[in-house]
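Based on the sequences and whatever the hints tell you, model everything.
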Amino acid sequence: KAGVTQTPRYLIKTRGQQVTLSCSPISGHRSVSWYQQTPGQGLQFLFEYFSETQRNKGNFPGRFSGRQFSNSRSEMNVSTLELGDSALYLCASSLSAGFSTDTQYFGPGTRLTVL
Amino acid sequence: QKEVEQNSGPLSVPEGAIASLNCTYSDRVSQSFFWYRQYSGKSPELIMSIYSNGDKEDGRFTAQLNKASQYVSLLIRDSQPSDSATYLCAVIGGTDKLIFGTGTRLQVFP
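Read top to bottom, the protein sequences are chains A and B. If you read the first sequence in this note's numbering, its first letter stands for residue 1, the second for the next number, and so on. If you read the second sequence in this note's numbering, its first letter stands for residue 1001, the second for the next number, and so on.
Do not rely on the hints blindly, as some may be mistaken.
What the hints assert, rightly or not - Straight line, CA to CA, 30 Å or less: simulated DSSO-like cross-link-like pairs of lysine-lysine:
id, chain 1, residue 1, chain 2, residue 2
1, A, Lys57, A, Lys13
2, B, Lys1002, A, Lys57
3, B, Lys1002, B, Lys1042
4, A, Lys57, B, Lys1042
5, A, Lys13, B, Lys1042
6, B, Lys1056, B, Lys1042
7, B, Lys1067, A, Lys57
8, B, Lys1067, B, Lys1002
9, B, Lys1056, B, Lys1002
10, B, Lys1067, B, Lys1056
Unchecked claim - If you want a taste of the chain A side facing chain B, the calculated C-beta under 10 Å gives, among others:
id, residue
11, Tyr35
12, Gln37
13, Pro39
14, Gly40
15, Asn56
16, Leu90
17, Thr103
18, Tyr105
To be verified - Okay, the calculated beta carbon distance ranges per label pair:
id, chain 1, residue 1, chain 2, residue 2, range
19, A, Ser51, B, Asn1007, 36 to 42 Å
20, B, Ala1068, A, Arg111, 38 to 44 Å
21, A, Thr38, B, Gln1107, 17 to 23 Å
Because the hints were derived from the structure by calculation, they are not lab data. Note that the coordinates shown come from a computational prediction; the quantities given were computed from them, not determined experimentally. We put the CB at the ideal spot given by N, CA and C, even for glycine.
Shown next, in the form of structure tokens:
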């Protein structure tokens, strides 16, 4: 069974631009969560989607948004990029909503650099 | 105060020793606790979950939970150089979000 895939793997943007990242979950998984990982802050929860609905959201500004499609694939968008948005963006999939019972499987991440 | 706190390390232990990794959390209603391992340049992988007070063993790994003290730990017995990685503690709090600590870097030297 294929794992979680994320595209692109690396991205370089300049301040003010916007970016869209994509995540394809493991086949059969309906929940997708997004995280931002930086050396200083560690892994921070961005949002969780289940059945095309945003189920939960972390403490990030409105510039960060996402969506999930009927095939469970998810996209994350960051508008008006800032230097501080440079990070590794990870998505994780699981069978059902929430985190308490299902194992989350992480993708390889997208390394975003904002210049 | 951070919601989930870990000592950043590095924690250096000799091969064959027991590595002890600790984590404290601030949300008293937290019910679910996880340990993830992240190798350099790789994504996190779940190694243990624990939900009840006490110990939970899985091979060389033992997770320990003390909700009264808001403390969760991970013991790695017979540490191997391949265990060298960053270990992330994660907690589900009252907001139903998975909150991670910043991780403890473990180095196991031969």
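Next item on the list: Could you say whether the range 38 to 44 Å given as a hint is met by the Cβ separation of alanine 1068 of chain B and arginine 111 of chain A?
Entry: The hint (38 to 44 Å, Cβ to Cβ) holds, given that alanine 1068 of chain B and arginine 111 of chain A are roughly 41 Å apart.
Item checked: Hint status (Cβ of glycine 40 of chain A to nearest Cβ of chain B, threshold 10 Å) -> With a closest approach of 8 Å, the glycine 40 of chain A hint holds.
Notebook entry, point to check: Does lysine 1042 of chain B lie within 30 Å of lysine 1002 of chain B when you go C-alpha to C-alpha?
Noted result: holds (25 Å)
Item checked: Hint check, leucine 90 of chain A versus chain B [nearest Cβ-Cβ separation less than 10 Å] -> holds (6 Å)
Margin query: lysine 57 of chain A and lysine 13 of chain A were given as a pair; does the straight-line alpha-carbon distance stay at or below 30 Å?
Written below: Roughly 25 Å separates the two Cα atoms, so the pair holds.
Next item on the list: Starting from the hint 36 to 42 Å, judge whether the C-beta atoms of serine 51 of chain A and asparagine 1007 of chain B obey it.
Entry: For asparagine 1007 of chain B against serine 51 of chain A, whose Cβ atoms are near 39 Å apart, the range 36 to 42 Å holds.
Next item on the list: Hold the hint about tyrosine 35 of chain A up to the distance rule: shortest CB distance to chain B must be less than 10 Å.
Entry: holds (8 Å)
Margin query: Need the status of pair lysine 1056 of chain B, lysine 1042 of chain B: alpha-carbon distance at most 30 Å?
Written below: holds (26 Å)
Check: Given the hint that lysine 1056 of chain B pairs with lysine 1002 of chain B, does the C-alpha gap stay at or below 30 Å?
Finding: Holds: lysine 1056 of chain B and lysine 1002 of chain B sit about 26 Å apart, inside 30 Å.
Margin query: Would the hint on glutamine 37 of chain A be counted as holding, given a Cβ-Cβ threshold of 10 Å to chain B?
Written below: holds (9 Å)
Check: Are lysine 1002 of chain B and lysine 57 of chain A close enough, with their CA atoms no more than 30 Å apart?
Finding: Answer holds: lysine 1002 of chain B to lysine 57 of chain A is near 18 Å, not above 30 Å.
Next item on the list: Take a quick look at whether lysine 1067 of chain B and lysine 57 of chain A sit within 30 Å of each other, Cα to Cα.
Entry: Answer holds: lysine 1067 of chain B to lysine 57 of chain A is near 26 Å, not above 30 Å.
Hint compliance for this structure: every hint is met.
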